[in-house]
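Colleague: Two chains, two frames, a set of hints: combine them into the complex.
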Amino acid sequence: MSECSDCHGCGAASVVEFPSPLASPKIVALAGPPNSGKTTLFNRLTGLRQKVANFPGVTVEQHTGIAELPDGRAVGIIDLPGIYSLSPQSEDEQVAHDVLTGGRADTPQPEAILLVLDSTNLSRHLMLAAPILGLGVPTLIILNMADDLRNRGGHVDINQLSAQLGAPVALVSARQGEGLDEVFEFLASAMPAPAPKELPVLHDVPKCREWAGRVGSRASYRAPVPPKWTRRLDSVFLHPVAGPLVFAVVVVAVFQTIFTAAVPLMDGLRWLFEVSGKWVAATLPDSIFRSLLVEGVWSGVGSVVVFLPQVLFLFLFIGILEDSGYLARAALIADRTMARVGLQGKSFIPLLSAYACAVPAILSTRTIENKRDRFATILIAPFMTCSARLPVYTLIIAAFLPNRPVLGPFLGARAAALLGLYLLGFLAAVATARVLKSSILKSGHTPFLLEMPSYRWPTMRSIGLRLFDRAKVFLRRAGTVILLVTVVLWIMAHLPPVNGKAPAIADSLAGTVGRTLEPVIKPLGFNWKIGIGLVTSLAARETIIGTLGAIYGMDPASHQLGLQKALQHDLTPGGAVALLVFFAFAMQCISTIAVVRRETGGWKWPILQFTYMGVLAYGGAFLAAHLIR
Amino acid sequence: MQLSGNNVQAKTSFTTLVDLRRGDAATLDHIDLPGQDARRLMELGFLPGVRITAGYSAPGGDPRVFQVDGSEIALRRETARRLKVRLDQTRQAPGMP
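Each protein sequence line maps, in turn, to chains A and B.
Here numbering that gives the first Met the number 0 is used: the first residue of the first sequence is 0, the next is one more, and so on.
Here numbering that gives the first Met the number 0 is used: the first residue of the second sequence is 0, the next is one more, and so on.
These are calculated hints, taken from the structure and not from any lab test.
The structure presented is a predicted model; accordingly, all values stated were derived computationally and were not measured.
Hints may be right or wrong, so weigh each one.
To be verified - Lysine to any residue pairs mimicking SDA-like chemistry, simulated, CA-CA at most 20 Å apart:
(1) Lys370(A) / Arg50(B)
(2) Lys436(A) / Arg50(B)
(3) Lys83(B) / Phe447(A)
(4) Lys521(A) / Thr571(A)
(5) Lys441(A) / Leu32(B)
(6) Lys441(A) / Pro33(B)
(7) Lys471(A) / Ile589(A)
(8) Lys83(B) / Pro205(A)
(9) Lys196(A) / Lys206(A)
(10) Lys83(B) / Leu448(A)
(11) Lys370(A) / Arg38(B)
(12) Lys441(A) / Arg50(B)
(13) Lys206(A) / Glu77(B)
Just chain B, same shape as in the assembly (with noise of 0.2 Å):
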């Protein structure tokens, strides 16, 4: 489970794709990105309502690796906020989708 603070936060307001750690899973709400970026990440997979979890990173944390539709796909920080979610409420064990 995440924090308790947190996970408050989650239920009311959104968040973005930096603030999962490994291994915690959100959904997608929606890109906050121009037409033509915001479509091609729809093409590899981030679509609202998708499930996306947090796996590995660089050293430092970024880029990250997501686990979206089946691949995995890594975004950089300056990307990766712009992917607004939802918080699921249980927290996946790390590395698992």
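Next comes chain A alone, as it looks inside the complex (with noise of 0.2 Å):
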């Protein structure tokens, strides 16, 4: 697969290397509106052969891959935005509008469309047919969901449904893998162009839905019992007491299996970094080489990778959830909260997952649908308390502050401060929300629609690809960007060599640069040293532990009470405090800043953030350093 597509930084390679996986023998699209199980079926189709990135120059998701016909021949899927027209309101529907119509540059126009359609909900889907097959591309009209269908009493004759479309049409239950030969069948026929019957005037959204309903009944289309047990669930999960019951142990059972079951996990993580680090180390010769890997490579990259298994359980819930159907329930149970900072529903569980991590975070903010709330809850979900940080709080904390009981026995002076500062984050965050909803993400009156799926079981097959998409873009990162800011601060950290060996970090290119940093930090509290630690922390905010370690000369895993001794002497308690606010707000993080360069397409939305949030972290730090001494 090319590798460039993932960026689209890159324009100009994208845009020549892009097709060479898909341009063998044909280019197909799969559109269909938002619900009718499009993906589950881009799923079933191509399996593992797939890959996300984003369109070229927009924040539109690109999924492409690669079905395997029986005779062996592949086929390129191109899976567009769930759209509800072609008439394009969103740029969800201009991009799928674009590829359709052979509009973009970087996409190659699809041969032939596959229309995915909810079969129990036929009279409205049917709606998007009549713009599709307007087209006059090779459709093949998928009625998704067969299995509902056909278990809720519904009906629908294909023949003469067919007839009336001109094209073929298949009924298929993408969840049960059921009808996928026909797809395949269409995929490997010659595909002729639709002829439709009659077709609507298209920009008439009633004569549309006339025309839809009449194609329906001359197919003998017979809607389906409303789903008994979607009623049933809802009583209980939509109930005015026990829903935001449901909805709170939802949330706290979240919480804590990223908090808790993860644990054991990421342990066992960072001991196999740890051994295996040693092990490398043991194994080669004494060398700059070795150094390099061991402390640069190994440790860099292993900060970060140990995150992997509550990314994954974050996912796992995200996936569960979302498939259920249950998300959009408990969005619009979170919607009246979220919209007094000017957001919506679907913004809460994305920032809840940022008290774990904002890259993942950030990443599911794809399911909010509205860009302006997408782009503000990925602009404030660094704001959360995220694990990385939790080391470094309970580093400072521990030296600066007895644990005094504060509440009697229940609370104590650390797990207060602890507390104070997961508050801190958090009204940072509602803050810049209500700012940014106020300002240059305004939603103006554009309506807030959410659509409630029935519930449905997830399937193991799409929560799994999911996951391992979502680990793929994660480890790609540590991989990547990751390795590359660790190589480089290792080098800072080495250079220059004295009498051939690595000088003391003080002396070093980083001490250097904590040096100059010093003049700047001075009015916070900081002096050289800690100068030194904001800088590597840039990697991973835990990041600052081991340099510090490293500075003052000791190994933090069996010296803590030391690396605290020396805290203690470094800083005052003002100081301390400026440190922890510093930690609380600032974006040291460069995994976050490349997932958000990703996520919103470019490099305005990470910059302004970066800058903003360091704003904030200085003037928060400078405040705090001054009032309290």
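Modeller: Okay, structure coming up:
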């Protein structure tokens, strides 16, 4: 696969390279309204042979994959964003429209279209068939969720429907893998252009709906009875009292799992990296190369990869919530609270996820269709206290705050301080959201619409594929950006060599940077040692602990107390609070910056975010250093 | 049945979706929103003449789920207010379309 189509920063290269894996025999587009089960079908057709990227220049996701036909031929499949119509109102629809009409230079025009419609809601979904068939491109109409239609007493005569639409029709259940043969048959066939009996005036929605109803009734379409279980479950999940309770339980369960169940796995990974690092150190001869490998690459990449279990647990939960249909209900319940700060219900889960790590949180904002709400959520997510801040907070609090009881035996001073820092980050997020949503990301009057899908059992296949995809994105970050940064930092800590050996960290390039920074950070109560720590913590926040350990010449793991003593010596209490505040606000995380660039489609937002958070961190730390002495 | 006072009013004037309680059904008359926004709602099934039933809501009644044209769509109060409807004469049992 071409590496470049992932990053649309290198536009020219992706234009040239993108078609190569797909150019072979055929390119087919998968189109359909949201909630039609389009993604499930895409997963069925392509399996692991797929990738996610952004369409160059826009923030619309581009899913591409390869389906293998029974005769061994490969067909490239582009999964377009979910759309209600082809009249471009949103960026999603614009992209879908442009791809289908061949208007995008970066994407080849599809030779055929697979139009996925929900067979249980055919009269409305058929509306999209009108503009799609109007394109004159060979189209297979896929009536998805055939199992639901059957089980709930619905019916449709697909031969008659096919005659009306002048295009082949297939009844499919993507979830069960039913009817896929017909899709493959269509892909392998000659694919004639559609010849519908009649088409409505495309820009007239009522006319389109009338047409869809007429076509449906001519094909003896009988809508299925409403899903019994959805009603039953909603009577609990949306109950005025039980609903919020269930919501709270779900939230706590997600939170608990990413912080407890993931911890042994994270410890296991950390242990693996330590042991393998020691093994590498013992195996290789003593050299600059070994030092780079063990101290730079191993510990740097390791410190980020350790978060993988949390990321996976998070996406396991989000996958189950989204595929089962509960996520829409959770968004409904959370909407009013989120609306107070100008956001919406769908921002809730990503923000919650940000307590673990901002990177998966930002990736999970993809469930928010509204661009402005999505961007606002992305911009405030890094304020949430992620788990990388935790070791830093713990170290500094333990060094400066004796653990006396605050609220009897329930709350000690240290726990209270920690809670205070969580609150601080949360308040900064809320305040920022308010500012953003009343200024540059104001939503205007676009109505908030949330479609409630029927409840369905999530399938292992769909969730597994998603976990695989998110793990890939996460590890690719660790393997590229983080690797690069850690190597640069390592080099800075090892240059210039003294007598052919690495210098003491104070005399290294990193030390020089720290000293250069000193006048700037002095008003915050930080000296040059902290300055180096601030620089290295750009890779990942908790790196500052290892750096300070190196500066003070001790192993932080075995000399926790020693490090605390050293910090007490170098920082005033005001400086310590300033450091905590700085960590609460600053965007010291290359992975987050990289993922924001990827998700917002350019450097503008990450630069704005980094600057804003930096200014806030500096201002907050300055205040803290001067108010507390 | 609605309270008789409401019923009389329903025959004579429009009300909005906000005034529907769970289980109430009404017929959409028109959408009082700019073209693009009205169009999006229409694509989701909110077409003049369609029957809309109010369903469950978030705590506090906002947003509320509406059953329309085979789908369930949640709207905020501020949007629901813009959908002018005529109340149906008979009240449905709660939770039924």
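Colleague: Measure nothing beyond the straight line between the CA atoms of Lys83(B) and Phe447(A); if it is 20 Å or shorter, mark the hint as holding.
Modeller: 17 Å, holds
Colleague: Between the alpha carbons of Lys441(A) and Pro33(B), is the straight-line distance 20 Å or under?
Modeller: 17 Å, holds
Colleague: Need the status of pair Lys521(A), Thr571(A): alpha-carbon distance at most 20 Å?
Modeller: 12 Å, holds
Colleague: Sort out whether Leu448(A) lies within 20 Å of Lys83(B), counting only the CA atoms.
Modeller: With Cα atoms ~17 Å apart, Lys83(B) and Leu448(A) stay inside 20 Å; holds.
Colleague: Between Lys436(A) and Arg50(B), does the CA-CA distance stay at or below 20 Å?
Modeller: 34 Å, violated
Colleague: Is the straight-line distance between the alpha-carbon of Lys83(B) and that of Pro205(A) 20 Å or less?
Modeller: Judged against 20 Å, a Cα distance of about 17 Å means the pair holds.
Colleague: Please verify whether Lys441(A) and Leu32(B) have alpha carbons no more than 20 Å apart.
Modeller: Satisfied, since the Cα-Cα distance of roughly 18 Å is no more than 20 Å.
Colleague: Check the hint pairing Lys370(A) with Arg38(B) against an upper bound of 20 Å on the C-alpha distance.
Modeller: Measuring from Cα to Cα gives roughly 19 Å; hence the hint holds.
Colleague: CA of Lys206(A) to CA of Glu77(B), is that 20 Å or under?
Modeller: 27 Å, violated
Colleague: Checking one constraint from the list: CA of Lys196(A) to CA of Lys206(A), max 20 Å. Satisfied?
Modeller: Roughly 15 Å between the alpha carbons, so the hint for Lys196(A) and Lys206(A) holds.
Colleague: Does the alpha-carbon distance linking Lys441(A) and Arg50(B) stay inside the 20 Å limit?
Modeller: Outside the cut-off at roughly 33 Å; violated.
Colleague: When you check the alpha-carbon spacing of Lys471(A) and Ile589(A), does it fall within 20 Å?
Modeller: 17 Å, holds
Of the hints listed earlier, those the structure fails to meet are numbers 1, 2, 12 and 13, in rising order.
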